[in-house]
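**Student:** Listed below are the residues making up each chain.
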Amino acid sequence: MLLSGIASAFDQEATYLVLNHFDKPLAGIDRSLIDNFNNSTFNFDSSVDALFEDIDDHDNPASKYMDDIKDLGRTHNVNFVLLNRIQHSGDRLIMEGLLFNTRSGGLIHRRKINLKNYNNGLVNELSLWVGKTKNQVQKGWEKEREAILFLNPEEISYDKTPIGAALRSLAVPGWGQAYSGNTLSAGLWAAIELSLSLAFISSYNNYDSSAKSYLENIKLYDATDDEKEIADYRDSAEKDWDDHVLYSKLAITLAGTTLTGWVSNSIHAWIFGPRPYTNIYQKGMPHSTLPKG
Amino acid sequence: MRILHGLKISLLVITIVCSCTIYDKIFDNPVDHKANEEQGIGAPTLVFYPKTQTVTQTDSILIGSFIVFKEDSTEPFSGIHLQIEFPNELMELDTIVPGIFITDTSQSTPLFTYTYDDNIVDLYAYFLGTVKLDLEGTGHLADLIFNPLTTGNDSIGYNLSECIIVDHEDAQIDINGMRGAEIIVQ
Chain V
1 MLLSGIASAF DQEATYLVLN HFDKPLAGID RSLIDNFNNS TFNFDSSVDA
51 LFEDIDDHDN PASKYMDDIK DLGRTHNVNF VLLNRIQHSG DRLIMEGLLF
101 NTRSGGLIHR RKINLKNYNN GLVNELSLWV GKTKNQVQKG WEKEREAILF
151 LNPEEISYDK TPIGAALRSL AVPGWGQAYS GNTLSAGLWA AIELSLSLAF
201 ISSYNNYDSS AKSYLENIKL YDATDDEKEI ADYRDSAEKD WDDHVLYSKL
251 AITLAGTTLT GWVSNSIHAW IFGPRPYTNI YQKGMPHSTL PKG
Chain G
1 MRILHGLKIS LLVITIVCSC TIYDKIFDNP VDHKANEEQG IGAPTLVFYP
51 KTQTVTQTDS ILIGSFIVFK EDSTEPFSGI HLQIEFPNEL MELDTIVPGI
101 FITDTSQSTP LFTYTYDDNI VDLYAYFLGT VKLDLEGTGH LADLIFNPLT
151 TGNDSIGYNL SECIIVDHED AQIDINGMRG AEIIVQ
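Chains as they are written, first to last, in this note's numbering: chain V, 1 to 293; chain G, 1 to 186.
Quick caveat, the hints were computed from the structure, so don't treat them as lab data. We treat Cβ as the ideally placed atom computed from N, Cα and C, and that holds for glycine. Careful: at least some of the hints might be erroneous.
Label pairs and their calculated CB-CB ranges [as the list claims (entries may be wrong)]:
no., chain 1, residue 1, chain 2, residue 2, range
1, G, E75, V, E229, 39 to 47 Å
2, V, K239, G, N147, 38 to 46 Å
3, G, P87, V, E216, 29 to 37 Å
4, V, S209, G, D170, 37 to 45 Å
5, V, D235, G, D24, 29 to 37 Å
6, G, D24, V, A223, 28 to 36 Å
7, G, D170, V, L220, 38 to 46 Å
8, V, E229, G, D24, 17 to 25 Å
9, V, V263, G, T54, 46 to 54 Å
10, V, A223, G, I145, 40 to 48 Å
Think about it this way: if two alpha-carbon atoms lie no more than 20 Å apart in a straight line, the pair counts; the simulated SDA-like pairs of lysine to any residue are [said to hold, decoys possible]:
no., chain 1, residue 1, chain 2, residue 2
11, V, K249, G, K34
12, V, K139, V, E155
13, V, K228, G, Y23
14, G, K34, V, E142
Away from chain G, derived, C-beta distances all over 12 Å, residues of chain V [claimed, not checked]:
no., residue
15, T15
16, D35
17, L72
18, G121
19, A147
20, Y158
21, K160
22, S203
23, D222
24, E227
25, K249
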């Protein structure tokens, strides 16, 4: 759902036209702007539903909408146009802010962040952004953002570690992946290793029985002077010999594959093992993640 | 502990793989024409079976004499003269009995005689079947029984230049090879 709001803010130094562009309704956001910036007056208007969506498609986004910005400035009698875009992506917020000067029509300030949502995070981040543009950032807002960070990182203990995952997978294929919470990967590794192991055991059994049969037939072949029996035992022994070579090669190949897979499974468990998140807060966004609308 | 478990599994797999022995493909029965061909001995071939035997001084040495033909190129024959050389310092001839082939599995009594002098046995046989004139294919010609004289090992063989095979019209059949036998007396 697209929510657009137009608010006019007037303070002693400058006047702002604030355009909010959110992907879902955000209750209390208007009220928070009024409360946090009480030296300004806000008027809300949801008649505009799409603004500057394609700004990044142009070589010089700062000057793309100069005429439109000037028109808005004249229409609303403001010095600046402030555009806020917010998009939700799972438990993360993708926020973009644009500040235009209505006298020149150019983009004078821009902020892009991708951060993990936290308690009252949306209102707080919006207040931080607007406050920064008005140079009215409150210490409380900055403190509140720190809630997404560990206050005492030295006290963090890791219950699950990559090496723990690797050792588990070395013991039982897939266990390390399951331990890391990757159940699909765990199932796949376990199934692959189980299949390879069964194929290896089957090949080895076939090799063993062929080899024993070959030795038995050779013994019988050597022990007889009957022409027909010699031919029969020789035929059987030749077939057994071919089989025992085939299954031996197959067993060695499968054993090698199983062993390689086993070690790879352990390395995989280590690489994709449990690690602390490092992308709690990210400044800037790749172009493709820019919110549309 | 888990590393140890993994190592144990790896060792088990390696042990199993190493136990996948490839056996040598050895077919060497003298009565097998393919085995003789593989050794460069063409058919028909005069051979002894077994090719090697180990006996004690109190045992008798029983050696079978065979003629081996290739399955698809047999030639009918009726009479044979085999000259056999044996190590007379190691063993002495006891007796020679006709093989089941030349007696037509005991249905006929062949003309069968032999002479021996020092280390040479001359064996003469002629098939006297009641319903057919010739024998055809691989078969057992005679059993030679020796008594050991002392310990040691030596071999017995055919003197191919004196061996003759003929059909019922006295036409000679070429013999293309022979295989001797080794006797070990302990």
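**Student:** Checked against the structure, which of the hints given earlier come out wrong?
**Tutor:** Per hint list: 1, 4, 5, 6, 10, 11, 12, 13, 14, 22, 23, 24, 25 violated.
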